[in-house]
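Q: What follows is the residue order along each chain.
Protein chains: 2
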Amino acid sequence: MSAQSKLLQSFFNPRSVAVVGATKKIDKAGHVIFKNFVENKRRGVFKGEIFAVNPNEDSILGFQCYPSIVDVPGDLDLAVIVVPALVVPQIMRDAVKKKVTSAVIVSSGFGEIGNHELENEVLKIAKTGGIKVLGPNCLGIYDSRTGVDMLFLPETKVLTSGDEVIATPRPIPGDIAIVTQSGAFGVSSLDYLTGRQIGVSKFVSFGNKIDVTETEVLDYLAHDKETKVILLYVEDIRHGREFLKVAKEVTRKKPIVVLKTGRTTAGARAAASHTGALAGSDRIYDAVFAQTGVIRARDMEEFFDMAKALSMQPPASGPNVGIITDAGGPGIIAVDECELRGLNVKRFSDVTIRKFEKLKDEGKIPKFATNLNPVDVTGSATSEMLELATKILFDDPEIEGVILLGLHHVPALQEDYIDKVAKVASKCSKPIVACDIGETEMALRTRFRFDKLEIPAYSSPEDAARAMNGLVRYGAFLEKNGCFEEYLENFLRTKCKR
Amino acid sequence: MSAQSKLLQSFFNPRSVAVVGATKKIDKAGHVIFKNFVENKRRGVFKGEIFAVNPNEDSILGFQCYPSIVDVPGDLDLAVIVVPALVVPQIMRDAVKKKVTSAVIVSSGFGEIGNHELENEVLKIAKTGGIKVLGPNCLGIYDSRTGVDMLFLPETKVLTSGDEVIATPRPIPGDIAIVTQSGAFGVSSLDYLTGRQIGVSKFVSFGNKIDVTETEVLDYLAHDKETKVILLYVEDIRHGREFLKVAKEVTRKKPIVVLKTGRTTAGARAAASHTGALAGSDRIYDAVFAQTGVIRARDMEEFFDMAKALSMQPPASGPNVGIITDAGGPGIIAVDECELRGLNVKRFSDVTIRKFEKLKDEGKIPKFATNLNPVDVTGSATSEMLELATKILFDDPEIEGVILLGLHHVPALQEDYIDKVAKVASKCSKPIVACDIGETEMALRTRFRFDKLEIPAYSSPEDAARAMNGLVRYGAFLEKNGCFEEYLENFLRTKCKR
Numbered sequence: 072m073s074a075q076s077k078l079l080q081s082f083f084n085p086r087s088v089a090v091v092g093a094t095k096k097i098d099k100a101g102h103v104i105f106k107n108f109v110e111n112k113r114r115g116v117f118k119g120e121i122f123a124v125n126p127n128e129d130s131i132l133g134f135q136c137y138p139s140i141v142d143v144p145g146d147l148d149l150a151v152i153v154v155p156a157l158v159v160p161q162i163m164r165d166a167v168k169k170k171v172t173s174a175v176i177v178s179s180g181f182g183e184i185g186n187h188e189l190e191n192e193v194l195k196i197a198k199t200g201g202i203k204v205l206g207p208n209c210l211g212i213y214d215s216r217t218g219v220d221m222l223f224l225p226e227t228k229v230l231t232s233g234d235e236v237i238a239t240p241r242p243i244p245g246d247i248a249i250v251t252q253s254g255a256f257g258v259s260s261l262d263y264l265t266g267r268q269i270g271v272s273k274f275v276s277f278g279n280k281i282d283v284t285e286t287e288v289l290d291y292l293a294h295d296k297e298t299k300v301i302l303l304y305v306e307d308i309r310h311g312r313e314f315l316k317v318a319k320e321v322t323r324k325k326p327i328v329v330l331k332t333g334r335t336t337a338g339a340r341a342a343a344s345h346t347g348a349l350a351g352s353d354r355i356y357d358a359v360f361a362q363t364g365v366i367r368a369r370d371m372e373e374f375f376d377m378a379k380a381l382s383m384q385p386p387a388s389g390p391n392v393g394i395i396t397d398a399g400g401p402g403i404i405a406v407d408e409c410e411l412r413g414l415n416v417k418r419f420s421d422v423t424i425r426k427f428e429k430l431k432d433e434g435k436i437p438k439f440a441t442n443l444n445p446v447d448v449t450g451s452a453t454s455e456m457l458e459l460a461t462k463i464l465f466d467d468p469e470i471e472g473v474i475l476l477g478l479h480h481v482p483a484l485q486e487d488y489i490d491k492v493a494k495v496a497s498k499c500s501k502p503i504v505a506c507d508i509g510e511t512e513m514a515l516r517t518r519f520r521f522d523k524l525e526i527p528a529y530s531s532p533e534d535a536a537r538a539m540n541g542l543v544r545y546g547a548f549l550e551k552n553g554c555f556e557e558y559l560e561n562f563l564r565t566k567c568k569r
Numbered sequence: 072m073s074a075q076s077k078l079l080q081s082f083f084n085p086r087s088v089a090v091v092g093a094t095k096k097i098d099k100a101g102h103v104i105f106k107n108f109v110e111n112k113r114r115g116v117f118k119g120e121i122f123a124v125n126p127n128e129d130s131i132l133g134f135q136c137y138p139s140i141v142d143v144p145g146d147l148d149l150a151v152i153v154v155p156a157l158v159v160p161q162i163m164r165d166a167v168k169k170k171v172t173s174a175v176i177v178s179s180g181f182g183e184i185g186n187h188e189l190e191n192e193v194l195k196i197a198k199t200g201g202i203k204v205l206g207p208n209c210l211g212i213y214d215s216r217t218g219v220d221m222l223f224l225p226e227t228k229v230l231t232s233g234d235e236v237i238a239t240p241r242p243i244p245g246d247i248a249i250v251t252q253s254g255a256f257g258v259s260s261l262d263y264l265t266g267r268q269i270g271v272s273k274f275v276s277f278g279n280k281i282d283v284t285e286t287e288v289l290d291y292l293a294h295d296k297e298t299k300v301i302l303l304y305v306e307d308i309r310h311g312r313e314f315l316k317v318a319k320e321v322t323r324k325k326p327i328v329v330l331k332t333g334r335t336t337a338g339a340r341a342a343a344s345h346t347g348a349l350a351g352s353d354r355i356y357d358a359v360f361a362q363t364g365v366i367r368a369r370d371m372e373e374f375f376d377m378a379k380a381l382s383m384q385p386p387a388s389g390p391n392v393g394i395i396t397d398a399g400g401p402g403i404i405a406v407d408e409c410e411l412r413g414l415n416v417k418r419f420s421d422v423t424i425r426k427f428e429k430l431k432d433e434g435k436i437p438k439f440a441t442n443l444n445p446v447d448v449t450g451s452a453t454s455e456m457l458e459l460a461t462k463i464l465f466d467d468p469e470i471e472g473v474i475l476l477g478l479h480h481v482p483a484l485q486e487d488y489i490d491k492v493a494k495v496a497s498k499c500s501k502p503i504v505a506c507d508i509g510e511t512e513m514a515l516r517t518r519f520r521f522d523k524l525e526i527p528a529y530s531s532p533e534d535a536a537r538a539m540n541g542l543v544r545y546g547a548f549l550e551k552n553g554c555f556e557e558y559l560e561n562f563l564r565t566k567c568k569r
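These protein sequence lines map, in sequence, to chains L and W.
Numbering-wise, the first sequence is residues 72 to 569 according to the numbering used here.
Numbering-wise, the second sequence is residues 72 to 569 according to the numbering used here.
One or more of the hints may lead you astray.
Identical chains blur together in the list; that is why a pair holds if it fits in one copy or across any two.
Stated by the list, open to error - Computed list of lysine-lysine pairs in BS3-like fashion (alpha-carbon distance at most 25 Å, straight line):
1) Lys99 <-> Lys551
2) Lys195 <-> Lys491
3) Lys228 <-> Lys523
4) Lys491 <-> Lys228
5) Lys523 <-> Lys426
6) Lys417 <-> Lys228
7) Lys106 <-> Lys96
8) Lys198 <-> Lys431
9) Lys498 <-> Lys170
10) Lys435 <-> Lys203
11) Lys99 <-> Lys435
12) Lys324 <-> Lys494
13) Lys77 <-> Lys319
14) Lys228 <-> Lys494
15) Lys462 <-> Lys491
16) Lys498 <-> Lys316
17) Lys417 <-> Lys118
18) Lys438 <-> Lys99
19) Lys523 <-> Lys551
20) Lys77 <-> Lys203
Keep in mind the hints are simulated off the structure, nothing from the lab.
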């Protein structure tokens, strides 16, 4: 880890934190953030000291309130600043006096609305004290392990009916880190991932990035044991050279999936008016991502789908995909999508075809099952057929990844096929992804069970193919850089531990 | 309606139907199909006569069982054939004797596994009696209005735990027709649409199409009052000239969205081994669809998303889209996707921008809201802001469609915004689609409420943009063919009636 990114530790694991702008008013961000720290401290998750800073209140949630940062006793690692923009320079001057290590400026009203001078003033003050700054105009940090939690959007809303419902869910612990320029996209991500029961290790919303950039965060996360996959949302990347250098190193250790917006002229114009980002040519970004092994997602869904695949499955050692299906049409859809994305769905080897023919002779799969790739065990599918087919494809040295379409609608297929397939897959270092189409009970159960057994499951053949494409692209990058084996070994070792 | 497609009436609304292969064995298709008719007759939905045909049983579900079709009393409109493939020719000979109008051959074991001779024999017999044949190797027909229902896949499954869960849901009544070559894809569609609470008017699985083709079904559905949008899944289209002629006429009356698979060489090979389809060049299909105004979906999700949009919203009179958002990042994503699909997200007119500036002066939207397109009312969004912005965009003659991103995570936004926006939209003939990101409670509620009010809602900005693209593409086709106004008038009239 570089000296630079070591400095970021105080953001994620501060020994002491002050919330500047902490208040008793329950609908204010300053209240919610302070309360998050208080609750995590009481639960024993957050181990550091916590302080409330507000000249207008005496105590908050049973904690004494200090009029200024300088009045806080002892050393202060982190200041979380939630006050009106115009007050921020004064707070930063106090922070310098107090020799604070780092500051998260949650407040908005800076460069994003044209107040560049104010932003520059804040940065200048921070530099005089050597304070690292995250933000401004950001949601800050959430760390599932240390209990640092600055998410202040209301967890629930009360409807006109009087019912209280979840509005912005707390993340569940997991191994995917989210690094985002857009706070709104960030909370949307948490809502999406939590609803799909996918866990988050860390969440970093860096907003206007006047100091700490996406690059520094990536460097930090490369060394974070809780994080297996990094999701990065950006509208622009400044300091491209630094990004190139760092990202290339990070992706040798763990995959980065990026959603880079402002791809079109109109999109770039919108980005410019959103964060003042100068987007630059989208082709340059494509080149940068290709060179650094950062996997660019085409859209939001692919972004999350690839992350899920990369967190659950090893990368593929090549582009040759074998497809198993119990439904002809959806099988063809999967083949098309694989080929359109540059994967190969080649005719199976003679050895493999002979194995399927043998199964036919033995009456173990239907006589009229097609077996050239896809292997289609037809509407007569049973758990045993899908299990046998999976085993045969895993044993085929020419197959580097498996897509399993086990549509549950066929009469004889029982849900135990999922566990059977997972058992076969657990003995192999090739990736497998699954698909079941449908939005009612059995389909939801099927996908959930697959996910639970760490076989990522998707609701369309195309989504499954795209997820496999993420595993293939990452594998190709690792191979090219001579670190495939090392990554795989490490991946399988951590997987066994769970 | 052509004389040809009038013949299809006996499939969808027969005065009498015989299920050949009806049986007491509850896990057999012949049982489920006969039971569907019995139940729909008892409910008063199916108005025709029903007969069970099986030489080995005396009675089924209280109905007398006839040894052969020829023994059935009175005229017979429709025979549903669910017997082993080899027996089908004999059944067809009986059907000819009985002067049956039409037959659905559910049985498989024909051309799809290379038994072309058997298939030809069946067709030849049918022709001697002038019997229209749907199938073989198909799931047949489901008609929400007449109670014709040949869906035989098990509605529920019993899990190892003993729990019984929905496996293949019954469709809910609605205005989308599904026409599919793949039965498996067909049931998947029903599962998808039902889970998303989208209703189905008719379902036609035509399988090997030895007689009735997709083209005839399209022609029939063009005149079906219950059907507003047609979803077509095909692996190949035979008789291209006829398709060209008919599809062009159908799309003047109602939109057809197609998912054509076998796009790649490997996909075409898989299609060939699935149904024996000779796929032909994908470019030719592209040209045919473009010429006939059939909207080709890029993937399964777009297929359903476009159908939902076209069933709920009028087509757009042009490609100029206005975007409203309360979240900067997702707004940019929507802009990008619109532009990448060929829609225009132009800077708003000066008049519109002045209206937004006035709202700022009046304190009705935040001072720092951006308003060039998208209009971003920021995280301070309220219901009133989104309502006002919608009104302004609907009033702008340069805006031909509106995408509303009302992400619910922002603190002050209440769910009543949905009804407010729907009220504004109901007074206008421009299309609007909505998006809220997230998979937990509030996001699901939000999208469901939008759908309920016939504003189609999507879970990602890209999906919303693609749905709008469907409305724009269909509008452009109608404009080009001089039938936009007529379609729009008809669309709005039927909408008012609901």
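Q: Which earlier hints can't be squared with this structure?
A: 1, 2, 5, 6, 8, 9, 10, 12, 16, 17, 19
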